[in-house]
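Based on the provided sequences and hints, a complete structural model is requested.
Under my numbering, the final residue of the sequence shown carries the number 1276; numbering is consecutive throughout.
In silico lysine-lysine, BS3-like type, Cα no more than 30 Å apart, as pairs:
(1) Lys1222 to Lys996
(2) Lys996 to Lys1011
(3) Lys1266 to Lys1010
(4) Lys957 to Lys910
(5) Lys1267 to Lys1250
(6) Lys996 to Lys1084
(7) Lys1084 to Lys1060
(8) Lys1255 to Lys1011
(9) Lys1267 to Lys1060
(10) Lys1255 to Lys1222
(11) Lys1160 to Lys1016
(12) Lys1157 to Lys1250
(13) Lys1250 to Lys1222
(14) Lys1255 to Lys1016
(15) Lys1266 to Lys1160
(16) Lys1157 to Lys1255
(17) Lys1016 to Lys979
(18) Lys996 to Lys1010
(19) Lys1010 to Lys1255
(20) Lys1060 to Lys1266
(21) Lys1222 to Lys1152
(22) Lys996 to Lys1267
(23) Lys979 to Lys996
(24) Lys1267 to Lys1011
(25) Lys1255 to Lys1060
(26) Lys1152 to Lys1084
(27) Lys1250 to Lys979
(28) Lys1010 to Lys1084
(29) Lys1267 to Lys979
(30) Lys1157 to Lys1222
(31) Lys1160 to Lys1250
(32) Lys1160 to Lys1255
(33) Lys1010 to Lys979
Simulated from the structure, these hints should not be mistaken for lab results.
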Amino acid sequence: MFKRIQFVFFVIILFASCREENIPVFVLNTSSFPENGGRILSSNYGNEVKYGETITLTAIPNDGYFFYKWDVDYNSYDSIISFEISGHARVVAIFVKEPKVIPTVIQVTRSSASISLQIEIEDNFPIDKLGYFISDSEGDQNLNNGKFNELESNSSNILVDGLDPSSAYRIQFYLKNQRFSVLSEIVDFTTRGLIPLKVGLDNDWVNVQGSVLQKSDGTLYTFNVNETKKIGDQKWISFSSGEGTSTSESQVLGVMTDNTLWQILPELQQIGLDNDWSKVFLGNYSTNNNWGIKEDGTLWNWKGTDSPKLHQEDYYPFVENNWTDGSIGGVEGAHLLLINNDGSIWGVGANQVGQLGNGLRVLSDDNQLVKSIFSKNAKFVAAGGFMPHSLAIDEDGGMWQWGAIPDGSYSSNNNSTPTLIEGHSDWVFALTGFSISYGIKIDGSLWSWGANEGNYGDGLLESSNIPVKVNNEKWLIVSQTLGIKKDNTLWYWNY
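Here's what the structure looks like:
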């Protein structure tokens, strides 16, 4: 998954005229430039112009070599106009698109890291000198203190190794021929946890939710920066973790092996006296609105899990008794999705971006369940995200998404109706993240889409609005940047 550095050439004809003081005058028609441009700049000259406007550059020496940049968005110079002054002859200028640099982290171990770069240069652009500057992120913006690494002029594949596996770097390319030189944009990247790293030697992990992990014997653990810590010796058949990532901030509810309901964190406390619970869903931290499914399929709702007086009378039962599974999440107003025994999807809670999937963007009234517009039989649902969205897997292995669907740029495509992700099948697991989605297919492959700041786990910082395969490993379950492989080992990245 390499990105290429490409150069785009356009020919612009400039005419030179001579004044009495032998200073040429250049007339440029900016309609040859990108339509969203704004300025022509150089170290000793600057004019603001509008697209399509013809401008005259004067007071330029007879002989010399100058770069002018066409600033296409008033913020970053991503194009260069270069021309050579030679008396009064016709001058040909080359309009060069500034190179883009996207390093690909291909290997990270506990002792070193490597990145790979691939370059493609147009045949009609001869290169006399090619290289790159690289420094740590504390270097100055122009990389003056960075190390320059010269390459063969025909290099197409570049390996940069010996990097620190937990550092941030910046890199910039330099290209030169007899007529002019070009510097690429400066790109910051990090080797810190961009690909999964193994945690410990244990191979009996079976479940993860938030920062809470479960082993095959039913015991629970918290995770924090490559360390796991056991939460008592109790054994659990179901648990639900809050949004926090540290033990002091987390809330956890659970169902013990005797089917009793408990608050696990911040302190162990039984909720009620019933012993027929099967699943539990921890609600939004601020509203403290929690849900549970009993063995008979009935759905229950309660508030105030922190209260030591919590008992059975605090529950509010619903008449439907055919619920099989569900998912809850979301930082700004949680929403709950449930699967009924008939395969239909129902939701309750926040719905400001259509995350309940009922075709509306209206909050469900006072814990009233609303039916999602889902025409297939659901086998798996996932709800949550800072940008609240929902995922569902149907009986044929198709993945559906709705709500604030992450588009890879911390914005979203709000959709209140479930939409099938085309071109993919065989999904068995789904997860909604902060501004990202994850899915696992039947072959164990892990896929990510949405905003990527290293949380894809593929070694890149490139975002996508369609699923991207992370690697060829076999995964059992993931939760944000924690994952358990099919061999029951624990891995983390970008944590």
